[in-house]
Each structure stands twice: as C-alpha cells, then as structure tokens.
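S.K.: Here is what each chain is made of, one letter per residue.
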Amino acid sequence: MISISKLSYSFGRQLALKDINFCMKQGEFVFLCGPSGAGKTTFMRLLHGALPVQRGKADVAGYDLNTLPESRKHLLRRDVSVVFQDFKILTKQTVFANVALPLKVRGIGQHIIEKRVRAVLRSLHLDKKAGAPCEELSGGEQQRVAVARAVVVKPKLLLADEPTGNLDHELSMRMMDIFQQFHKFGTSIMIATHNREIMARMADARIVTLEDGVMREGCALGGGQS
Amino acid sequence: MSVFFHLIGQGVRDLFRAPWSLCMTIAAITLVSFLGGAFLMLVHNLDLQIGSRQGNVQFQVYWKSDVTAEELKEVWSGLSSMEGVVNVRTYTPDQALGVLAESFQKNVDLEWMKGRSPLPPTALVECELPQDEGKKWAAGMVKRLEGLPKVDKVTFNPLQVDLLTSWVGLTKMAFWPVTGFLLVVVALVVGNTIKLALLARRDELEILRFVGASRAYIQFPLLVGGAFQGLLGASLALGLLKLLHHGIEDMFNVPPLWITISFLPQVHSLAIVAILAVVGVLSSLVAIRN
Ligand SMILES: Nc1ncnc2c1ncn2[C@@H]1O[C@H](COP(=O)(O)OP(=O)(O)OP(=O)(O)O)[C@@H](O)[C@H]1O
Ligand SMILES: [Mg+2]
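Protein chains in written order, with the numbering used here: chain B, 1 to 226; chain H, 1 to 290.
Calculated from the structure, these hints are not laboratory results.
Among the clues, some could well be false.
[As the list claims (entries may be wrong)] Listed next, the in silico SDA-like pairs over lysine to any residue satisfying Cα-Cα at most 20 Å (straight line):
#1 B:88 x H:143
#2 H:143 x H:72
#3 B:184 x B:205
#4 B:92 x H:201
#5 B:104 x H:215
Extracted from the complex, chain B is given alone in its bound form (with noise of 0.2 Å):
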C-alpha cells in the first residue's frame, strides 16, 4: 500500500524528515507515534500528495508520487482519505453537507449520498447533530465530523493525525471500533497519536515511532509503561 524509501523532506533549511524506508502492507493497521515537532503530520502530507516529494522515493496506494501530476492527484486522494489534525471541515456548512462532500465531488447520486452519510453519522452519533452548522459543535464532535467525512467513502487506505486528540476515553474507543470496522473490511490505516490507551486497545497492529523526523519500528516512548 505504502513504500517509501530514502525519503527526506525539508522546510527550508529545516529538516523535517530524515531518510525514511518504510513499507505498509495492504490491510495494515499501523500507528506513528513520537512526540509533538518529530514530523508526523509532515509525513503524512507527503503521503496523500499535499507536499512535493523532495528527495527519495513514495509510492502510495498504486501511485508513483515522484512522477503524479497534480492534474491526477485527486485520483490518490480518492483512495486515500485523510482525517485532519485540524479538521479542515467547512465550518460554515451542516454536518451533513461536510460528509457528504467526498461522496459529492465524486458525482454519486443523491440517494446513496444521503443513505451513506446517515449511516456513517449514525455510527459516529452525530446523526442528531446532521443539520447543525459545523460551527456551532465541540471540538469533539468536530473532529467525528472530520472522520466521518474520512470513513464514507470506504477509501483503500486511512490516514489519521491525532484523531483522538479531542475525544474523552468512551469516545476515543468508540472511534477505534469504527477504524476497525473499517480495518475489517480492507482498509489500511494509519493512525498519528500520542494516545497510548488506544495503541493498547490494538495490541496487534504495527506500531512505528518518528522523532527528529527519523523513522524505527516499535515503540520507544515511555517504553511502553501505560
């Protein structure tokens, strides 16, 4: 799904990515951890084509991203869904029009649109909230929307930065049901976070640690304590 080798990125003269080999097999459950600065949402920017591979080379869901134009690169992004950091929702509009969006600018019909978006509110309990301007919700129920709208689209690969970071403990597990639902069903994932209750919850999944934008399996925060 993912294969990246040799890859580095850097903000001006600020390296924020050192010389990354790294492989994600299709149907993998994998979380990168790391403390805050270590270059994880820049990793995953580079992942779904938001940022220029600079050096090395990435190959993501079928995509060479050293050659993909950006005339093609919504064909990747329709495969891989990314749930935000900081949302990226469209405050302005409901809850529902934010989830539907994926499914919209696909040109799927009305119909699916409304039964898909339901269902996925539904398993997000947000189905009360479908008509709310996305303004006017929590931080927590912002960031439901934001993986509701990742979710809808059933997309081959999921990546997630800090998709917990707003949720209370009942929340955050009940998000990681729904990762594994979709994990279930094919999806591969990959989660940021600094969560260790949710990395618990998935003993089995691969976990890999970025910090100074240096990449190595395992875990090396806290060794593991909590």
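Guided by the hints, dock chain H with the ligands onto chain B, whose structure is given.
M.R.: Chain H with the ligands alone, transformed into the frame defined by chain B:
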C-alpha cells in the same frame, strides 16, 4: 450531466456570496462595455452614412447668361447620359429663383423678380465616384463639364466627402486599439474578482482538493463565474445602450441632415455579449492558473 448543471449553479451561487464585490465588478464591466458599445454604434452609423453617400459627389454647373433656351435644352438632355452620372436636376433662372425664395421661406418676396432673375441657369449633376482614384476622376469630370457649350463655371465640394471619409478612416483606425483596450480593462476587472473569490475561498478549495475533487470540478464553477459576469455586464450595457439610443435616435433627424441614428445590428449585439463572456472565462482561467 446533473453534476454539470450543479457546477454551473455552483459557479453563479458562489459569486453571490460576495455580493458587493460582484456588484462593483458588474458595474465596471457594464460601464466599459457601454463605452465600447457606444463607440461601435458610432462607427456603425458613420459607416451607414458613408455607405448611403458612398462616393457620390455633386457638381454644380452654371451657364453663362447669354445661353439660349434651345442650347440649354440640348445640353441638359445630354447630361444624364454622361459617364458616371446618376442624377441630374436642372434649374432655369426662374426655377433657381423659386428655390432661393423657398429657402428664404415667407420672409422675402421675390415674385417681382420673375422673368428678370439674376441667377444663371444651373444644373446639379450627381455622380458616382469610382472606388479608387475618386479625386482624379472628379477632376476629369470637372474638365468635361466645363467643356460643355457656354458653361460659365463648375464647382464641386470635395471637402465634404473627404472630411466624412477621413472621419470614418480615423474611427476605423482607432477601432481595434480602443476595442482591445476596453477588453483588457474588462479582463483585468473580471480576473481580479475571480482572484479575490479564490483567495476568500482558499481554505474551502483546499478541502475540496483533499477530499478528491478533480481539477475540473474545482475550476469549472470559477470559469462559469467569469462567464456569468461577462454576460451580465454585457447585457446590462446593451440595455443602457438601448436607452441611450432611444434618447438620441432623432437627435439629427432635422433638416437638412435627416439622419436617423440606428442601433447596433443584432450580430454586433450578440458579438458583444459573446466576446465579453469569453473574456470573462479567459481572465478567470488566468486568475486560476496563477
Ligand atoms: N509549514 C511549515 N513550515 C516550516 N516548518 C514546518 C512547517 N510544518 C511543519 N514544520 C516543522 O516541521 C517539523 C515537524 O512538524 P510536524 O507538524 O510534522 O510535527 P508533528 O509530529 O505532527 O507534531 P505534533 O505532534 O505536534 O502534531 C516541526 O519542527 C515543525 O516546526
Ligand atoms: Mg502533527
């Protein structure tokens, strides 16, 4: 197909999200295209005038007072068969007096002069000038008319023709630069509005991209927006032009001009609308690309 119409609607609706910016842009486009349209109307009417008088020039031929009626009759009957002559009007001294009296209307009574008219026998000979070498031909014509028996003098007024022709020449010469200039202004205004719309919606467009919207899906509504502004501005300008035309239609419809100003032909009106729509689309394209 429904996506197509949805995107068209989207493009128009997006414009109304910044109604003030839209209003000012439309106003600017309307004014500019009104100017352009008025200019086009001027050119069109000058063209019509030139067309109706195309190269026709009038020679006034005066005979010496000692010419006899028989001699005149013979010469006058031969006038209309001369080369290039399209119309001949002749005046005996008394008829010429009548015309003169008419032009004074009721104020002056010239009846007492009848039979003792001091005016010479006169002929107005209207000729069609050939397209090129018109001046040379006219000079030749003067020579030939002067050569007729007992002709005193021949005058014609090349100046009037020259003046009209040079006016038309000037406007024609200015046409493309002026049109180009106005179109550039429209393009800049529309481009700027689209650019502002783009900036205002940068976050939203970024989100659209991230959820998998194709480039066409994102850009098409913006192009529609550009076209819409051009269309609306041009239509309003045509409306204004119509009003202007209504006001000045009969302004010159007075003696001795008898000129009715005519509105732009339909083709021109359609062309204005179409061209502005295209300019709107093109400038939006440029705004998007940068
Ligand atoms: N747009 C940018 N311009 C310049 N530097 C940036 C930019 N984005 C990120 N960086 C830098 O790159 C490094 C990695 O940032 P990144 O956002 O990937 O960290 P992160 O692991 O996601 O952190 P967090 O856990 O706090 O979200 C940081 O040092 C940050 O300052
Ligand atoms: Mg981050």
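S.K.: All hints are to be evaluated individually against the structure, with a verdict given for each.
M.R.: Evaluated hints:
| no. | hint | result |
| --- | --- | --- |
| 1 | B:88 x H:143 | violated (89 Å) |
| 2 | H:143 x H:72 | holds (18 Å) |
| 3 | B:184 x B:205 | holds (13 Å) |
| 4 | B:92 x H:201 | holds (12 Å) |
| 5 | B:104 x H:215 | holds (14 Å) |
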